[in-house]
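Q: Please model the complete structure; the sequences and the hints are all you need to start from.
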Amino acid sequence: MRHLIQQALGSSLLREVAITYSGQVVGSGLGFVIQLLLQKQLGPADYGILSIAVSVGVFAAVLTDVGISHAMIRFGSKWLGEAPGTSKAMARCAAALRMRVGLAAVVSVVGYLSSGWILSTFYPHAEGLGTPLRLVFVTLFAHTLFGYWMFFIQTFQKFALRSMVTIGGATLRLSAYLGLAATGQVSAAAVILLDASVNFVTFLVAMQFSPRGILHPPREELSAAYREILPYLRYTGIMIVADTMFSELDILMLGVLSTEATTGLYRAAWTYAMVLSFLSMSVGNVLFPKITGFSDIQAMKAFVKKAIMMTSLLAVGTLWSLPVVTWWVPWYEPQYSGAVSIFYIMYLGTAFDLVVGPLGYTLYSLNRPDILVKIAIGKILLHAAGNWFLIPMYGAHGAAAAATITRVLGGLVAVTIMLRTIRRSSA
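If you're matching positions, the sequence shown starts at 126 in my numbering and goes up one per residue.
Think of the hints as simulated: they come from the structure by calculation, not from any bench.
Bear in mind that the values here come from a model prediction, so they are computed numbers and not experimental data.
Do not take every clue at face value.
Derived CB-CB ranges, DEER-like [claimed, not checked]: (1) T211 to T308: 41 to 49 Å; (2) T308 to S212: 44 to 52 Å; (3) L355 to K165: 43 to 51 Å.
Just so you know, even glycine gets a beta-carbon here, dropped at the ideal spot from N, CA and C.
A: Listed below in structure tokens is the structure:
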């Protein structure tokens, strides 16, 4: 055991996670500061309005992806290792960009035209949501381009550049927000416009330091890229949309079944929990292109064992967040004190995800993404049913409990199926 721990601590894998997470911590830390300032500036009700609009925007953004980015990483990273692989990898990235831009155009128009129906059908009581809701569709292109770049540079495994851009964009975002605050212009609509503007500028700057070739790929390689990526989306598209629905379902259903103030309280707790979730995301960003590149099952099993040792150590290291949040929230803003107990519930699911989350990537290598799709759909159904039952009874605490229960059960099912699939593949 001691040898395994020392090996995990000294591995290049941990260094790459550290590089990615350091950028994520600084970038997300600055974003965290903005959220703290917004909570105090807007109050629970207006912060709840912003949260609902942002959640709708996140769901709209995933409809511009539907698994394209994961397919780009899956096949782009595979071709990087083969000569002359760079042109093939770049063609996969070019195909992904064209598909994402096309989807962004469709989702933006349809979303904007249907925003009135969304408001009247699901959130008629949410006064002030109309303009922010329309703006999330108007600004969708900016988020799509920046989101594409993050996956594009991940495909080439340039984690240091990714971290630098994350930090630079977050610094620009905080500076712009402070400018809004200084002029007294802080509102849900202004924050949405600010965020989109920063993402667009960051994308333009980041592309100047990125590998070239996505705008003019060889025609034959581009055709081959479409043939490789499109069949892959029948599984990953459903899975990515389902995962996003799962992560945003609490906010969306709280907006329907509860008050804006309750939604704002939940979002406050979610903001603190996301600091830990970013660690899971950083681990996933590093592990996804590595685990999915394995074709040898024995080598993959050895790598996964090392990864699990690392994620377990990281999970233990997150325990400090419990006393910190307990002290900080009542001291900083007493009207959000109820968020502390909500955070406790969220923490259980977040820590569990950190440990077992990477195991799901093995099913890509085993060519069984269909299993992940089934698990994702099951989690959505269970989560929605839990929210429908628990939110009217317990409000934000009920939403957090439904999410945590679903994360744990879904993770256990994924691990069980993964182990069974590996045993069958090894036989």
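Q: Which constraints among the numbered hints does this structure fail? Numbers only, ascending.
A: none
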